Each structure stands twice: as C-alpha cells, then as structure tokens.
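> Chain W is already provided as a structure; the job is to place chain L on it using the hints.
Number of protein chains: 2
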Amino acid sequence: MRVVVPLSVTRPKSRLAPVLSPAERRAFALVSCRDVVDAARDAGLDPELLVTEHVDVDAPATVDDRPLTEAVNAVLADAEPDADRPVCVLMADLALATPTAVSRLVDAAGDVVIAPGRGGGTNALVVRHPEFRVDYHGASFRDHRAAAESLDASATVVDSMRLSTDVDEPADLVEVLLHGPGEAPGWLRERGVSLSVGDGRVGVTRPGTDG
Amino acid sequence: MRVVVPLSVTRPKSRLAPVLSPAERRAFALVSCRDVVDAARDAGLDPELLVTEHVDVDAPATVDDRPLTEAVNAVLADAEPDADRPVCVLMADLALATPTAVSRLVDAAGDVVIAPGRGGGTNALVVRHPEFRVDYHGASFRDHRAAAESLDASATVVDSMRLSTDVDEPADLVEVLLHGPGEAPGWLRERGVSLSVGDGRVGVTRPGTDG
Numbered sequence: 036m037r038v039v040v041p042l043s044v045t046r047p048k049s050r051l052a053p054v055l056s057p058a059e060r061r062a063f064a065l066v067s068c069r070d071v072v073d074a075a076r077d078a079g080l081d082p083e084l085l086v087t088e089h090v091d092v093d094a095p096a097t098v099d100d101r102p103l104t105e106a107v108n109a110v111l112a113d114a115e116p117d118a119d120r121p122v123c124v125l126m127a128d129l130a131l132a133t134p135t136a137v138s139r140l141v142d143a144a145g146d147v148v149i150a151p152g153r154g155g156g157t158n159a160l161v162v163r164h165p166e167f168r169v170d171y172h173g174a175s176f177r178d179h180r181a182a183a184e185s186l187d188a189s190a191t192v193v194d195s196m197r198l199s200t201d202v203d204e205p206a207d208l209v210e211v212l213l214h215g216p217g218e219a220p221g222w223l224r225e226r227g228v229s230l231s232v233g234d235g236r237v238g239v240t241r242p243g244t245d246g
Numbered sequence: 036m037r038v039v040v041p042l043s044v045t046r047p048k049s050r051l052a053p054v055l056s057p058a059e060r061r062a063f064a065l066v067s068c069r070d071v072v073d074a075a076r077d078a079g080l081d082p083e084l085l086v087t088e089h090v091d092v093d094a095p096a097t098v099d100d101r102p103l104t105e106a107v108n109a110v111l112a113d114a115e116p117d118a119d120r121p122v123c124v125l126m127a128d129l130a131l132a133t134p135t136a137v138s139r140l141v142d143a144a145g146d147v148v149i150a151p152g153r154g155g156g157t158n159a160l161v162v163r164h165p166e167f168r169v170d171y172h173g174a175s176f177r178d179h180r181a182a183a184e185s186l187d188a189s190a191t192v193v194d195s196m197r198l199s200t201d202v203d204e205p206a207d208l209v210e211v212l213l214h215g216p217g218e219a220p221g222w223l224r225e226r227g228v229s230l231s232v233g234d235g236r237v238g239v240t241r242p243g244t245d246g
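Taken in order, these protein sequences are the chains called W and L.
In this text, residue positions in the first sequence follow our numbering: the first is 36, and each later residue adds one.
In this text, residue positions in the second sequence follow our numbering: the first is 36, and each later residue adds one.
Chain W on its own, in the form it takes in the complex (with noise of 0.2 Å):
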C-alpha cells in the first residue's frame, strides 16, 4: 500500500508557541514526522513524504508546495487508488502512531477508511475509490464522510485515540509525553517540557514560557 505522509514546514505548529520557539516548533514537528515514519515502516510499510520543501527526515519525499488539500488530491488524482491500489495518507503530526494503530488503519476494510481527529479533523485515511478527493478545511471528518457517500463509496471509521491525537496544542503534548512512542517525548523532556499535574486534566509545563 502507498502510505503518503503530508508535512508542512511553512509555519509549523504555530498554536504551541505558549512552549517552543519557531526553530524549536519546526525541529518537533520533524520529530514528530520521523515517529511517523517509523511506526509506518514497523507496520510493515514503505512511507513516502509530501512535504512543502526538503526536510531532513529518511524517507522518499515529493516537494509540492501548494496547500494541503490541493497537495493531496494531486496525489490521489494520480494513483487512482482501488482496492487493489490504495493509498493511505497519514499526518506527520501522529505522534502518538504506534505499528498496531497504523496496521489497524491500513487493514480496516472499506472504499474509504477514515480515522477522526480530536475536533472534527481527519487525521489519517485509506482512499480504495478513484474519485475520492479531500477538503481537509473546516469540519472534514463529516465532509470525507459526506463525500463517500455522494460516491457510494463504503465509509469506514476507525477507533484510535492514537490516531485521534494529532499534536497541534499544548495541551496536545500532555498526550505525547504520556503516549508517545518514539522520539517526541524525549525531545520534549530535553526541552525541560513536562506534565503539569493538578486537579482536572493534566497540563504541560516549562520553565521561562507560558507554557
């Protein structure tokens, strides 16, 4: 299967500035987008970027600079994916993406397979239809899904706080300090960013930020 993993490096992750600076947000992000790759690829799996410009991260990369929806839908339009050619495209900002979550995406049946974001996202997707498209603006879980069916495509929703959980707030980093299987939550904690425990939820802080 062809497993697209889209990232953006034009102005990464700008809703954690309470905790990382812009050169620190660009290097997480790449954390990030490597802990992705890496649950991909011990899935089984042979990832491929689509990145906005050349990033330091080992893996195959298409450059394409547009948005991305339109970046995505160039893809889809070309691979024309089927059952028996899908394509998976998954964020670079999972990094809560562990092998089993990946597998169980990759291996959840239908024309259209969907894991939701926190807050109305779609996070990660398996396209079997060659009219698929996606529009990743506003509340795209319901769209993707809206979208399926106007296709008569079959729409299948998977279950996975991992892949729920993409990294966008700081409150976002409570889940991969706590979950994170990779390198993200090492980098963090060598940044000094750490759980925040009180009553309610759990929050993140660090020394000298608002965060």
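According to the in silico footprint, chain L covers these stretches of chain W (three or more CB under 8 Å from chain L): (1) 153 to 166; (2) 196 to 203; (3) 208 to 215.
The calculated label-pair distances, taken between Cβ atoms and stated as ranges, are: (4) HIS172/W x ASP100/L: 44 to 54 Å; (5) ASP117/L x GLU88/W: 53 to 63 Å; (6) ASP117/W x THR244/L: 43 to 53 Å; (7) ARG120/W x ARG226/L: 41 to 51 Å.
Just a few of them, taken from the derived set where beta-carbon distance is under 10 Å, the chain W residues facing chain L: (8) GLY173; (9) ALA174; (10) PHE176; (11) ARG177; (12) VAL192; (13) VAL232; (14) GLY233.
No lab work stands behind these hints, which were simulated from the structure alone.
As the structure is a prediction and not an experimental result, all values here were calculated from the model.
Glycine included, each C-beta is placed from N, C-alpha and C at the ideal position.
Just chain L, lined up with the frame of chain W:
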C-alpha cells in the same frame, strides 16, 4: 462481568458552564449516563450504577456519597476481582461509547486493562486482580500503570478515541455532536448547541451563551 458505572451528581460537569445551565448540566450528565448504560447493555453486559444519590436512570444502583476514588475502591475491596470475576469500571460521561468500543475493553486480556482519557485520566478499567486499587486524582493513567506494575499485574492499554473522550469541556461537545451514538447529540441539538466551523479545530456555539 460486573460493570460499574460511577456517576456523581453533586456538581456535575461544572466546566460546561459556558454552554449549559446548572440544571442542564445535571440533565446532560444523566443523558450521557443512559447512553453509556445502553452501550454496555448492547455489548451484552449488565451495567450497574454507583451514584452519589438516587438518579433517574433505569439500571440497578448503589448509592455511595463518598468521592469517586473511595467509592470505587469500596467496590473493588468487596468484589475481590480476579480472572474469573473481573470488574469493569466505566465512567458515566463517555457519551461516545459504542457496544463495539465497550466490547474491545472487556475482551482485552490483562490483569488490569486501562482506557486512558485525554489529559492523563483513566476513563475505563477492567480489573482482574484482587489487590488493585484506583486513584483518580492527577495523572491517574500513569499512576494506574504503576500500581499494576507494583503488584506484578499485567497492564493492557486500549486504544480507543471513543473511550478516551470524557465530556468535561465545551470542546468535548464537538465530539459528542460528531460521534455520539446515543441520545446525547440530539439532546444538545434540541438546546441549540451546534458545531462552529472556522479555521483549526471545530468548536461549539449556542445562541445567548459564551459557548
């Protein structure tokens, strides 16, 4: 398997105050609890409530007005769970729970099976060890893994977005509206709570409130 659903109605869901009035928060807590009970029943289980006072939910109930940790530990001390007589503890606010998700939880092997919640919590447990006790304060997911380890008990983690989503904050209502399988999404819509779609993660809005 014994399935205990703890529900506190002392000051339920106070962090939903931007969107729901106190009376509505209590009513929503009961609607969510009924959805959890239905999901467990449809998974072939026989759930019972552990409540701080009598509530209008159609299920056998034990009233215990102590804090959650103490009340659950009293159940575990009394039950002396083991592999033949496991005890499942399923939070009443898991409004995304489906029979499939509950089945994945109760069917998972392990002396202690944990479904982590967002922000370091523990949303559901299966206990098959007589000495395991809970502590829901702070980063309970981490603490429960450590508690299992200290007993030489095997610990299994269930990777489920549905079970990871306890509904505490307005952002969590997005997940209920998009993914809730029971009555809770319709209950919210009837009160004018709807998705707010802009850039980034989807939020919720309700005319006349801060939400």
